[in-house]
Structures are given as C-alpha cells and as structure tokens.
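Colleague: Those sequence lines, one after another, are chains W and G. Residue numbering for the first sequence follows numbering that gives the first Met the number 0, beginning at 0 and increasing consecutively. Residue numbering for the second sequence follows numbering that gives the first Met the number 0, beginning at 0 and increasing consecutively.
Derived by calculation from the structure, the hints in this document are not laboratory data. There may be inaccurate statements among the hints.
Said to hold, decoys possible - Cross-link-like lysine-lysine pairs, in silico, BS3-like; alpha carbons within 30 angstroms at most:
1) W:LYS269 / G:LYS66
2) G:LYS291 / W:LYS269
3) W:LYS5 / G:LYS96
4) G:LYS124 / W:LYS5
5) W:LYS13 / G:LYS18
6) W:LYS5 / G:LYS126
7) W:LYS270 / G:LYS203
8) W:LYS270 / G:LYS126
9) W:LYS96 / G:LYS245
10) G:LYS291 / G:LYS18
11) G:LYS96 / W:LYS269
12) W:LYS270 / G:LYS124
Said to hold, decoys possible - Negatives, chain W to chain G, calculated, CB over 12 angstroms:
13) LEU9
14) PRO15
15) PRO64
16) ILE102
17) ILE103
18) GLY105
19) TRP106
20) ARG108
21) PHE139
22) LEU154
23) PHE182
24) ASN197
25) THR238
26) ASP240
27) GLY259
28) LEU273
Each residue gets a CB set at the ideal place from its N, CA and C atoms; glycine is no exception.
Below, each chain spelled out in residue letters.
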Amino acid sequence: MLNLIKIEWLKLKKYPAFWWMLGIVGLTYPGVNLMFNSIFGTMSGGKGMEGQILKQLIGNPFAFPEAWHSVGYFSSVFVMVPAILVIMIISNEYTYKTNRQNIIDGWTRNEFVFSKLFDVLIIASFVTLAFTLVALIFGFNYSTEIGRTRWAEQLQYIPLFLLQSFSQLSIAFLLGFVIKRSFIALGIFLFYFVIVENFIVSFLKYKTSFPKLANFLPLEVSDKLIPPAAFLGKFNKETYDQSLTDINMHVLYTCVFTAGIWWLCFYLYKKRDL
Amino acid sequence: MSSTVLSIQNLAKNYGSIKALDGISYEVPKGSVFGILGPNGSGKTTTLGIILDVLKSNAGTFEWFGKPSGPNTRKQIGSLLETPNFYHYLSAIDNLKITQAISGRGTEKDIEEVLEIVNLLQRKKSKFSTYSLGMKQRLAIGAALLGNPDVLVFDEPTNGLDPVGIAEIRELIKKLSQQGKTIIMASHLLDEVEKVCTHVAIMKKGKLITAGAVDEVLVNEDIVQFGATEAGKLFNILQNFPASTKIEMVDNFVQLHFLLGTAQLDQLNKYCFDQGIILNHLSLKRKSLETKFFELTSN
C-alpha cells in the first residue's frame, strides 16, 4: 500500500495541474469566506435594531467555535476545483495509455484502482488541509479572547470536510473513469453539480410527497455532512437543529455510497479490456 | 527450468462478431528471438495484449515459464506494447522511476544505464512531451530493458525510428539474443524479422498460418528458369538433375528449385548442352522472403 502511495506521489508531485489546483484552492477558500464575512458584516453592521439583534443572537459565524462549520460550508462549494484535477488525472491515464503500461509493468488491476483511490484521498486531504488552515486563520482573527479558547470545540468538521470532499471527488472520479474523456466528464459533472441535482432536490422537496428522498442524491447525501452555516440556518432554528442531528446518519450513508462507487470502479476495471 | 518461456494454447479473442484471434497455439523456446509476423490487423498486437494481461481472451490459455500468468510474471518481462506509454509531463528519468517502482526491475543507477543504451542520456531531464517519435520509442525500449530482464516483448520496436535508429535497435536485439535473452517481437516488417529472428509465427486474420524456426518456415531458395524449343524434352532431362528440390512448368518455362545459393548457371547450361538441349533462356530468380510471405498469407 505504501508503495502505491509512493508511486502515485511520483506521478502527482510533478504534475503542474496539481499545484495549480492547490493554488486556486488557496485563493478561493479564503476568498469565498471573506466574501461571506463581508456579507455578514453588512447584515449585522447596520445601526438599526435588526443588525444588533442578529449580532447578539448568533455571534460572528467566523469566530470560534462556529468558524469550523461556516468556513467548511462555504469552502465545500468549491469542490469543482479539485474535481477538475481528479477527472484530469484519470483521463490522462487513458489518453497516454499509462493505465495499461502500469499493468504491463506488473501492477494488478486492483492495485491500479487502489492507486487512483489514494490519489483522490491525497487530493481530498490537501483541500481539507487548506480548509483547516483557512478556518484557523479566520477563527483566530475574528474571535474574542474568550472565543479563542473555544477553538477546539467543533473540530469534527475537519473529518466531515474530508469525508465530504472524498465522496464528491469520488463521483467526479467515477465519471472520468467511465467516460474516459476529460472534457465530457467535466461537463457532465459541472452540469449535474450546478443544475441537475439542484433541480431534482427542489422538485422532490416541493413537488412530491417524499421530500426526504432528496437527501439521498449523489451529492446531497454528503452535502448534508456540513449543513448550511448557522447564520444562514438560524432563521429557522428547528430545521437547523434537525440538520445537525442528521449529520451522524449521513456519515453512514456517505460511507456506503462512496464505498459503492469504488466497488463499481474495481468491478469495471477487472472486466475491461485496457 | 523449463525450456519454454511462453506457451499459448487455443487463444481466441472476439470483438463483437469479428474474430481478432481464432484459436492460436504455439510455444516460444527459451533464448529465441521469436517474431510474430503478419499484415496489419492479423492479431499480432491482440496476442501480445492478452499475454501481457491488458486484454481479456474469450477462450484459451497461456503460460509464462510454465506457470499461469500473474503480476509477478509480468514484472520479470520488459515490454513495449503498441505505443510508448509514458506520463507526458514527466522527464525520462522520472518516468523510468515509475517503471522501476512498479516492476521492481533495476535500481536508480540502472535507469542512467538504460538511458545511455538508448542514447537518451543527454535528454534525460527533458519532458516526455518534448521528445520526437523516435525518442519516445527509444525510451520505451529503455524502459523494457530496465533491470536486464531475461524476457523482452517488443511490439513493432522500430516504429518511428530513422534508418540509423532501426539499425541500432537491430544490433541491440542481436546483442541481447547473444546474451541468452528471449525476445518476442511482433512486426509487419519482413526484413526486420529475417535479419534478427530465430523463430517465427505467421498470422493472418487472427489465424496462425505457421510457426517454427525461421529456416524451416521461411525457406529461401534459388529458382532457375529454363527455356528451350522442346520444353517437354527439357522438362524430362531436368527431372533427373541432382541437388534440385523441385521442378515445375511455368508459362512454357521449366523452373528448377535449389537451396539458397546452390544453383550454378554455368553447370546447368553445360548439363543441358551435354543432354542435347540448346537453351534459349536461362535465368536465376531469388525467391524473396516477401514472396514467401505472400505465398503463406494468400489463400
């Protein structure tokens, strides 16, 4: 296993797109959080009663301990950035036929799929690290003295972010793995990510008698790991609290769903001509 | 240890209704340079793809070193299948590090050595994407040579090389063969096979036409063509000529076959004259490998 990771690191560390992706993540994560921080500032900064109430009611969402949740939620929107990389990594293997060369050189087919699983895991870990750093910087920056002592209260959002990223990047991987062409796979992923799933979620929620089904759509199942941040959610406390309670079950659902994706990849690769 | 490196039994592969391989069987002896020869689409690469486990056969079996194939057998074989397959953004060195790490063949020091053998040492740090077609091909051969494996599989090894490169690869293959390596090589270039192979399998449309030692399969011969006014009488007297292997009438000429390099026209002319026949036509035709190949692969 360690050897597989070592070999994948040989492939990744000199791949320019990998560092570009990290650079873009390094810009977008702080960027989107700064943007929402400024929106919150505008909402709560008014001299009127509403602003003051909001501030007192929920506190600064970018201060500890809520920073982990808020930064996680806003950063997770940008999963498409590492998704591009994941799709490129697998489609490159097909384009340059290095996937078959790896087998010719002595890997089993399972080892190849495992190596790609590790790639996705490595990328998910890097974006989780980026999220952790951004959350730490925001948290310490916006917390009061007392708030800072509460920095370790919601650390569960780090593994939740990792699981969510891994699950959603696994979907991107599956598309690249099956479709083989990066642009088509990427187009389908973005179209599904931005339009299709949102449409189906709204349809199930508002037009059918089984709105809960929406929670089990491929991206939604792991989206529920980091529900909308408190300052967006507290306007409806009941829904917000329910979404926090649902996290535990969604950890299980996400694990099952993601395991299913990888099982499919292993199965397909065993049957295929390369 | 077994004297057979690779044994193929009734291997078949279909792409839909098309039979890319139709039940082929042969054995590759240890230490041979085994050429798989055939026109485009005859199933050469499909055969190699199956024995290297990247394609799934529909029927039949094969064994490497007397054992069923697996990752450990593949690690012992240096292979170049169809095209040079490397990470385009990595240098030659980094690409070979991956080959080395996966196969376990060779060391980092060996990487420099094989790059020297294939004349890429000066460009070792250039990205693969900047290489010419010939350089890419040479890197693929270098990767196959890494760790000095006893068995090499080359699919069209001289593809994309210039004449000097082709000659170099030929010399390399001969040298490797002298070292006792077994080389399995697919090619559609008859000349290449004739110059380096000890054994050959000839394929056509997924079927094996023949397989065996080159001398047996591709017997080259001298053909002498005779013409005389009395063709029938000429035929009769030449029938008794010693050392000929075959006699036939073609377009009113008599053709006598000899082993390669053994026909001597002056002796033949004298023989006919002594038997009372005055020849009006006498010529020597060398049957090329190409003719033989067309003969074997035509219906």
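Colleague: Now look at each hint and say whether the structure bears it out.
Modeller: Against the structure, the hints:
{"no.": "1", "hint": "W:LYS269 / G:LYS66", "result": "holds, 21 angstroms"}
{"no.": "2", "hint": "G:LYS291 / W:LYS269", "result": "violated, 42 angstroms"}
{"no.": "3", "hint": "W:LYS5 / G:LYS96", "result": "holds, 11 angstroms"}
{"no.": "4", "hint": "G:LYS124 / W:LYS5", "result": "holds, 20 angstroms"}
{"no.": "5", "hint": "W:LYS13 / G:LYS18", "result": "violated, 42 angstroms"}
{"no.": "6", "hint": "W:LYS5 / G:LYS126", "result": "holds, 21 angstroms"}
{"no.": "7", "hint": "W:LYS270 / G:LYS203", "result": "holds, 27 angstroms"}
{"no.": "8", "hint": "W:LYS270 / G:LYS126", "result": "violated, 33 angstroms"}
{"no.": "9", "hint": "W:LYS96 / G:LYS245", "result": "violated, 51 angstroms"}
{"no.": "10", "hint": "G:LYS291 / G:LYS18", "result": "holds, 25 angstroms"}
{"no.": "11", "hint": "G:LYS96 / W:LYS269", "result": "holds, 26 angstroms"}
{"no.": "12", "hint": "W:LYS270 / G:LYS124", "result": "violated, 37 angstroms"}
{"no.": "13", "hint": "LEU9", "result": "violated, 6 angstroms"}
{"no.": "14", "hint": "PRO15", "result": "violated, 6 angstroms"}
{"no.": "15", "hint": "PRO64", "result": "holds, 42 angstroms"}
{"no.": "16", "hint": "ILE102", "result": "violated, 5 angstroms"}
{"no.": "17", "hint": "ILE103", "result": "violated, 5 angstroms"}
{"no.": "18", "hint": "GLY105", "result": "violated, 4 angstroms"}
{"no.": "19", "hint": "TRP106", "result": "violated, 6 angstroms"}
{"no.": "20", "hint": "ARG108", "result": "violated, 8 angstroms"}
{"no.": "21", "hint": "PHE139", "result": "holds, 38 angstroms"}
{"no.": "22", "hint": "LEU154", "result": "holds, 36 angstroms"}
{"no.": "23", "hint": "PHE182", "result": "holds, 17 angstroms"}
{"no.": "24", "hint": "ASN197", "result": "holds, 35 angstroms"}
{"no.": "25", "hint": "THR238", "result": "holds, 47 angstroms"}
{"no.": "26", "hint": "ASP240", "result": "holds, 49 angstroms"}
{"no.": "27", "hint": "GLY259", "result": "holds, 24 angstroms"}
{"no.": "28", "hint": "LEU273", "result": "violated, 4 angstroms"}
When the structure is compared with the earlier hints, violations turn up for hints 2, 5, 8, 9, 12, 13, 14, 16, 17, 18, 19, 20 and 28 and for no others.
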